[in-house]
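Asks: Protein chains in written order, with our numbering: chain A, 1 to 613; chain B, 614 to 1226; chain C, 1227 to 1571; chain D, 1572 to 1916.
What the hints contain is simulated information worked out from the structure, not anything from laboratory work. All C-beta atoms in this analysis are idealised placements derived from N, C-alpha and C, irrespective of residue type, glycine included. Incorrect hints may appear among the rest.
Unchecked claim - Some residues of chain B that are not near chain A, with every Cβ distance over 10 Å (derived):
no.: 1; residue: 618
no.: 2; residue: 709
no.: 3; residue: 744
no.: 4; residue: 772
no.: 5; residue: 799
no.: 6; residue: 804
no.: 7; residue: 867
no.: 8; residue: 943
no.: 9; residue: 960
no.: 10; residue: 973
no.: 11; residue: 1046
no.: 12; residue: 1080
no.: 13; residue: 1117
no.: 14; residue: 1120
Said to hold, decoys possible - Computed spacing ranges between beta-carbons, pair by pair:
no.: 15; chain 1: B; residue 1: 1029; chain 2: D; residue 2: 1851; range: 54 to 62 Å
no.: 16; chain 1: B; residue 1: 772; chain 2: D; residue 2: 1908; range: 57 to 65 Å
no.: 17; chain 1: A; residue 1: 232; chain 2: C; residue 2: 1557; range: 46 to 54 Å
no.: 18; chain 1: D; residue 1: 1908; chain 2: B; residue 2: 1106; range: 38 to 46 Å
no.: 19; chain 1: B; residue 1: 834; chain 2: C; residue 2: 1374; range: 20 to 28 Å
no.: 20; chain 1: B; residue 1: 1217; chain 2: A; residue 2: 419; range: 54 to 62 Å
no.: 21; chain 1: B; residue 1: 1106; chain 2: A; residue 2: 186; range: 49 to 57 Å
no.: 22; chain 1: A; residue 1: 118; chain 2: D; residue 2: 1805; range: 54 to 62 Å
no.: 23; chain 1: A; residue 1: 427; chain 2: C; residue 2: 1550; range: 42 to 50 Å
no.: 24; chain 1: A; residue 1: 427; chain 2: B; residue 2: 1168; range: 49 to 57 Å
no.: 25; chain 1: C; residue 1: 1560; chain 2: A; residue 2: 436; range: 39 to 47 Å
no.: 26; chain 1: A; residue 1: 195; chain 2: C; residue 2: 1555; range: 29 to 37 Å
no.: 27; chain 1: C; residue 1: 1522; chain 2: D; residue 2: 1910; range: 34 to 42 Å
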Amino acid sequence: MTQKTVQEVHRVVIRFAGDSGDGMQLTGDRFSTATAVFGNDLSTLPDFPAEIRAPAGSLFGVSGFQIHFSDEDILTPGDRANVLVAMNPAALKTSLVDLAPAGVIIANSDAFTEKNLERAGYSSNPLKDDSLSGYQVYEIPMTAMTLEAAASVEGLTKKEAERGKNMFALGLVSWMYSRPTDVTERWIQKKFGGKPAVMAGNLAAFRAGHAFGETAGLFAAQYVVKPASNAPGRYRNVTGNAATAWGLVAASGQAGLPLFFASYPITPASDILHELSRLKNFGVRTFQAEDEIAAAGAAVGGAFGGHLSATATSGPGMDLKEEALGLAAILELPLVVVDVQRAGPSTGLPTKTEQGDLMIAMYGRHGEAPVPVIAPRSPADCFGAAIEASRIALKYRTPVIVLSDGFLANSAEPWLIPDPASLPDISIAFATEPNHDGEFWPYLRDENLARPLAVPGTRGLQHRIGGLERADGRGNVSHDPANHERMIRMRAAKVAKIADDIPPLEVDDPSQSAEILVIGWGSSWGAIREACRRVRDAGKKVARAHLFYLNPFPRNTGEVLRRYQRVLVPEMNNGQLVKLIRAEFLVDAKSFAKAQGLPFRAGDIETEILKRV
Amino acid sequence: MTQKTVQEVHRVVIRFAGDSGDGMQLTGDRFSTATAVFGNDLSTLPDFPAEIRAPAGSLFGVSGFQIHFSDEDILTPGDRANVLVAMNPAALKTSLVDLAPAGVIIANSDAFTEKNLERAGYSSNPLKDDSLSGYQVYEIPMTAMTLEAAASVEGLTKKEAERGKNMFALGLVSWMYSRPTDVTERWIQKKFGGKPAVMAGNLAAFRAGHAFGETAGLFAAQYVVKPASNAPGRYRNVTGNAATAWGLVAASGQAGLPLFFASYPITPASDILHELSRLKNFGVRTFQAEDEIAAAGAAVGGAFGGHLSATATSGPGMDLKEEALGLAAILELPLVVVDVQRAGPSTGLPTKTEQGDLMIAMYGRHGEAPVPVIAPRSPADCFGAAIEASRIALKYRTPVIVLSDGFLANSAEPWLIPDPASLPDISIAFATEPNHDGEFWPYLRDENLARPLAVPGTRGLQHRIGGLERADGRGNVSHDPANHERMIRMRAAKVAKIADDIPPLEVDDPSQSAEILVIGWGSSWGAIREACRRVRDAGKKVARAHLFYLNPFPRNTGEVLRRYQRVLVPEMNNGQLVKLIRAEFLVDAKSFAKAQGLPFRAGDIETEILKRV
Amino acid sequence: MVEGNGAVGTQAALTKKDFESDQEVRWCPGCGDYAILSAVQSVMPTLGIEPHKVVVVSGIGCSSRFPYYMNTYGMHSIHGRAATIATGLATARPDLSVWVVTGDGDALAIGGNHLIHTLRRNVNLTILMFNNQIYGLTKGQLSPTSERGKVTKSTPFGSVDQPFNPIALALGAEGTFVARALAVDRPHLTGVLSRAAAHRGTSFIEVYQNCNIFNDGAFDMLTDKAHKVQNQIRLEHGKPIRFGERDERAVVQLRDGSLKIVEAGSVAEGEILVHDEHRGEPSLAFALAHLSTGPTMPTPIGIFRDVERPVYGDDVERQLVAAQAKLGAGDLGKLLMSGDTWEVK
Amino acid sequence: MVEGNGAVGTQAALTKKDFESDQEVRWCPGCGDYAILSAVQSVMPTLGIEPHKVVVVSGIGCSSRFPYYMNTYGMHSIHGRAATIATGLATARPDLSVWVVTGDGDALAIGGNHLIHTLRRNVNLTILMFNNQIYGLTKGQLSPTSERGKVTKSTPFGSVDQPFNPIALALGAEGTFVARALAVDRPHLTGVLSRAAAHRGTSFIEVYQNCNIFNDGAFDMLTDKAHKVQNQIRLEHGKPIRFGERDERAVVQLRDGSLKIVEAGSVAEGEILVHDEHRGEPSLAFALAHLSTGPTMPTPIGIFRDVERPVYGDDVERQLVAAQAKLGAGDLGKLLMSGDTWEVK
Ligand SMILES: Cc1ncc(C[n+]2csc(CCOP(=O)(O)OP(=O)(O)O)c2C)c(N)n1
Ligand SMILES: Cc1ncc(C[n+]2csc(CCOP(=O)(O)OP(=O)(O)O)c2C)c(N)n1
Ligand code: SF4
Ligand code: SF4
Ligand SMILES: [Mg+2]
Ligand SMILES: [Mg+2]
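The following block holds chain A by itself, in its conformation from the complex (with noise of 0.2 Å):
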């Protein structure tokens, strides 16, 4: 054994790349909890194809996992991977983009067969060629090796013991950057516990890629990224999807209401459907309807029944559960509904993110219909983003949009794991009893502008409610004109007040007198402050915001603008919140859109700052 050095280094960016059958997720998945139990900060951007198998070596088939960690804390999942794991040669060809300069590329030497290479459109093998030279490849006959480990390992086919070949990589790119063994051995155990060959030969792929990079002469160096130094407590990894279902499981019990939810699957939202509907003991009823206009109405029907009643769809959903929304408006009902937005219009990208839907949500419904829209930064942050959609729905009765997207859903971070006890409670008081003269009037108003909620089953509260127009207070069906206007103000006034209910918004300004705001929402967040902790780097001075409440805005929304000479609004779209920023402040806000499906580099956006303070 070469004696190795061990170099610490403060900051990693990985990127897993190979076939969709070739368990690129899995490795990254499982990479990423190593990472996390060691304590370091991180953040992960997987990135798979729309096709479910494409054809073996394809590129439009390759699947991308790429993990960012550090000794500090960290904001995105990397501008551009130190390290790539090619797997295949088309996993080369479409990742090099991604890769930093003088990166390191481990490929497995032996997917680059002549077949491959011809199915990735290379004329000679980069790995011969010196098309690389920018780069420390190490060529590794990753799959011989791996089938040269399983082979004692009795009952396991070949090509079982050939798909181990990502435990392989995982193996070494663990020994490479010290990461702990024993978490993926134990998963590894778990996950194959029912067929023991296949654990064995799993586990046998994982220590031969670790001894491997021991025992080789190949490399020099291994890294060490010491843990960052978070805040006490424990933590786990959490995608925003987890972190939605979980949000919502947990609001339900700060309600002290059961929770239904109802939706139809679509990419990337689905998720949240398959988490909530194993969570039967906690008395999550799941429903997946025949399409979104049906789980939209379920979730009114639900919300009518008093339960605490959500939905979650994508953008092509969005545009069919509007009818419903409108019609919870004028109800008044409690109702959340999650929109984790993809790469539209139309189908368009969709296992792409982008930030496309702050229009629909806040006017895609005909006539006078505005609801609360809120939009959570982070995987994590969608924990907190659901419990408090909860919250505002139902203390206003009022249906509440909850934009997420596709980054955030299927993207990881560490997360110090709340204490239940800490969460708020955000329960409500149903009506008993007559409110008005011995009758009940389910359209009289609380301090709130909220109406009183009468659940069925309540004795003697017994009304009608619908999308016909609702006389104020007594709530029959009113065709009176004053009464129309009044109601519309009225409807508007209450989503307007909740303004009054919610945090300020912080503005970041290490200087206090940076000349230029960036102001951005959802998950464009980390990108944003990277970017800005860049260019104050750079000693240059630049002010950020984050917008989480897009209706209304924080109170303070306009006078922090007015504060700056120059507002820059980068977004994931082609220019939506700038739209909504200058319409009501009248600040010449200036949009930095952008919308290749992929989340912002924080590069990007440093660029475009530099370009302006």
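Could you slot chains B, C and D with the ligands onto chain A? The hints should help.
Replies: Then chains B, C and D with the ligands, alone, in the frame of chain A:
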């Protein structure tokens, strides 16, 4: 016979009001026709209940029809009526608010029975107490006189005879305002041609009403409103819905393409379907779909098939069409979508008018899917709007939204019938040949950024389109991030570029030195114009502009807006155009919003302007 | 008083009045909807369900104004979507008695998909579809049950649409309780309503209802004094299917399985088809649905099918109970701690 | 070469290649969709319709990628809405041969309403529904054809949904051509496809298609060498329905109209049900649809029903022609001048 004076007046507003079963819409319609044929300018406002046939005598069952006619040009159906024809107590009660001080009430005293008074909530008969002392009241036993007039008609049941009382009222008012009788008599003869007894009864009633005016000593004067000096030519009355239907037929002719019209019934848009389904000899295919989604889908199919394809709906239906609209936007297929707006949100006030759908027209689709939006300003203007929408749709291969509304839909105005030969040629060339190295590339672009359309059935140009992002040029599915961004920008640029192809915004500012600009869109045109006329008549200065093109705005819009110190935006909603203007031009435009389900009264806007000049 | 659908209570007897709201009924004078409202209001007190445990959900249409007139909980919702809302409500709240009132357009045009999915899931709902074979509220267009050739506002040259046979459609969609009744035949209608309410799962009742404004007389052949006896084929469980003034006509099943109307005298009594509501396989009910192609000829009236099948909401509930029994009530703290976690000190 | 559906042409013979696009086929290796694509591409040239007269419209799903691979006109549209687009296209352009390719989710979940309305209208379309009893593209959720108890991503405790019987649903919706085929049985599938193409009106074919990723083996009992002979019940017009290795089993209709599988030897030959695709009344086809509750038992394969009924687009066209014959071609000037007009001088 007493000698009557004939007084000349310049403008009169008459309101006919009665039970839904009393035939008030017909009465108003016939009076309008006679008035139009006589040569007055006019504007009408039908106002009917949501119920099909409300219980006789009920307040909510009152059906009204207001007509404003004049010897000069008319802009609105009139703020308040000069004459109210009240066929029963409920009609009197609900319409009195719309009667001008000292106005004339012509009441069918036979209907003021105890039962009817009670149904209308009168504790005493207003014709007998002095509650109407501020008005000129004529009590006429119309039912009895109608029955008497028809007594000699053979084979007429009493019920049938009684139903002629609206014709009695029509006869009487026709006499009062010196309307020609031949038009109405001819119409009665034609309408009831198949039922001679009913025809005779109605004729007798009409003549009796006329004769009663002439012979009874009741009326001191007969009035005459001279013909207006309209431009020479042949005229007719037209409602917005009829004009829309005919405009689509005209567009089909001018494009040289058959019309395919798919729709699902909804008030107040259904009449477009009704009218078009009659025009089969124009080659118009109408398809009553199972819902609005299917209607929009079928329209996309018709467009792909090379027809001029259109669909019409109202608010709730717009929610449902948005997904197909987004598809059409990415397919870049020509499609005309008419939204006859009604009062929302949700079912709202379905028979009432509103301008509540501008935002959903602009932003109702997930993702970035801009489409052109235009809005006719008067019933007759719907004809040109349908043609212009078709022109833009065909030339730019894009869905186009036409925002009509319930007021335009049902209201009528005289229309100088256009000469078909004067209509624009809006034909386009379909692709017939490969356009790229022997292949057909459906996403190459012409100078307007429009793509080539190859209609199925064209030999050799087979190609596939779809809702996944298209590769620029080639048109295949593309997951390339840069291509996605390029295509999003391309589609937006194409729509924006239409601004080069539309006339500049005209400003009506006779003083050339007004400080305030009033800018509106759609059906409020007449009311705004009338309001400005009054403000100017009062010696104040005001400028006025009206947006027909809402997306894109005419090129000079910003320049126009910035020319004025104050900008006022009257809208029949809670403020929508005002948001677009503020966001786009950063002009501190103020909203004057009214959402009572009724068209603006000129007086309301006048007051609002006067506050600000 | 017991919770839920179909259970008989013990409290002071309820009356029709208990189910009447204070709202003025707003259908056209003479509309068939009045009779159905009255029938429902008179059946309700006999079901032993208190008004506050009943919810009536409707879509949009003349028929869909129904909930306003019932002194129960109610929702007048969106065109075509009542079944979705009712599905959510009944699934969340299996303790309620949830009724859907809908029209032929509301249920079969825009709402067709929700109807068939509700039927296959067997959600615990009672669906009353008022079939007037026309769009009433929008003033007279074609509906999916309008007959071919029908002249309406939207088909001035006559319809070219083949109508649905709603009973056949419901059976094709796995309906467990499928019936037809006439708005004007109160005793028969109330009988069917009681049975529908007693059925746990989705009960679908097509009620032929005259729209005297836009489609007057559509059902005269089944309701007119002069014709009804010849044309109403009453389906009664366990009884041979005979009809006519003196039961002189009968339904027989031919060798090839098809049904035919014959003179009762021309066949042996044993040959006459005996109606069996409860037959598991729906083909006989389907054949009965096809005995008539419209209400202008001899047409079966009554319960075509009434079978038991697991109920959607009950099964959902059962899974919750089972999961809780197995895993214990959900513990958020544990959930969040599940999987890989680590401590930062 | 003649325009339209089903007409035989005279030009240089078309080949399979003429119907293959240049796009790389992107289904999972082993997916049943490949076989269907290949079958369709090989049937097309035999229909005598040139590629440019063919349009394939699809919704969204794995199956719905189909149009990209056909060298015809095509549209990959919106989830569930292919039938609407195809209806518009076929109605506007009766000269085209319009095909719809859809999945069990696309056609029966979100698209269920359009499917049943298309069937009742009898729009001139050939609808191929690839039934893999799962949502493929969204990675493995329950579909409306998934069996009860099925564990999927969205039903980890097993499904509580009663599935549709797609053949029964299509028959309940007035389908005129209703068939079932197997992706892997090329000769049978191509036979059914040819017949479907020849049918004017809506042809609905349910194709059992294996999704080897998310629902592998769902149809093994019908396709496995070991089981298929015992389980495939081939429906052939005019022939007694027998199946099994030596045709030892048969379908008979009982006295009460229901169908039963018996040992062929146990009944007289004349008692065996003779299949009749063309029977006007759909009850027999419906009973056949209910012979099996899923592809894991003896299941009929073939054409359940093939009857003629007026075709929507044809009738629409006929009304235009009639109106033009009666009123002359539309004259805009005259139209605008119709009704009351007046002259201003
Ligand atoms: C989304 C939407 N589309 C269309 C309408 C218009 N609409 C209201 S009721 C109705 C049909 C009514 O027919 P039916 O369901 O048969 O009820 P009926 O009035 O005959 O009782 C239609 C098309 C609507 N309200 N919403
Ligand atoms: C409006 C909308 N909702 C949901 C989706 C997501 N989605 C795409 S395909 C699909 C179902 C696919 O199942 P199926 O139709 O059976 O086709 P398969 O993939 O199995 O061939 C769903 C739910 C979508 N694209 N659009
Ligand atoms: S229009 Fe017809 S269905 Fe509607 S209320 Fe009137 S009579 Fe009844
Ligand atoms: S997921 Fe299933 S249906 Fe989709 S392509 Fe793969 S094998 Fe075929
Ligand atoms: Mg109806
Ligand atoms: Mg499927």
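Asks: Taking the hints in turn, state whether each one holds.
Replies: Results for each hint:
no. : hint                           : verdict
1   : 618                            : 39 Å, holds
2   : 709                            : 15 Å, holds
3   : 744                            : 21 Å, holds
4   : 772                            : 29 Å, holds
5   : 799                            : 37 Å, holds
6   : 804                            : 31 Å, holds
7   : 867                            : 30 Å, holds
8   : 943                            : 4 Å, violated
9   : 960                            : 4 Å, violated
10  : 973                            : 5 Å, violated
11  : 1046                           : 28 Å, holds
12  : 1080                           : 4 Å, violated
13  : 1117                           : 23 Å, holds
14  : 1120                           : 22 Å, holds
15  : B/1029 with D/1851: 54 to 62 Å : 57 Å, holds
16  : B/772 with D/1908: 57 to 65 Å  : 37 Å, violated
17  : A/232 with C/1557: 46 to 54 Å  : 23 Å, violated
18  : D/1908 with B/1106: 38 to 46 Å : 43 Å, holds
19  : B/834 with C/1374: 20 to 28 Å  : 58 Å, violated
20  : B/1217 with A/419: 54 to 62 Å  : 57 Å, holds
21  : B/1106 with A/186: 49 to 57 Å  : 55 Å, holds
22  : A/118 with D/1805: 54 to 62 Å  : 44 Å, violated
23  : A/427 with C/1550: 42 to 50 Å  : 21 Å, violated
24  : A/427 with B/1168: 49 to 57 Å  : 56 Å, holds
25  : C/1560 with A/436: 39 to 47 Å  : 45 Å, holds
26  : A/195 with C/1555: 29 to 37 Å  : 33 Å, holds
27  : C/1522 with D/1910: 34 to 42 Å : 36 Å, holds
Checked against the numbered hints given earlier, this structure breaks hints 8, 9, 10, 12, 16, 17, 19, 22, 23; the rest are met.
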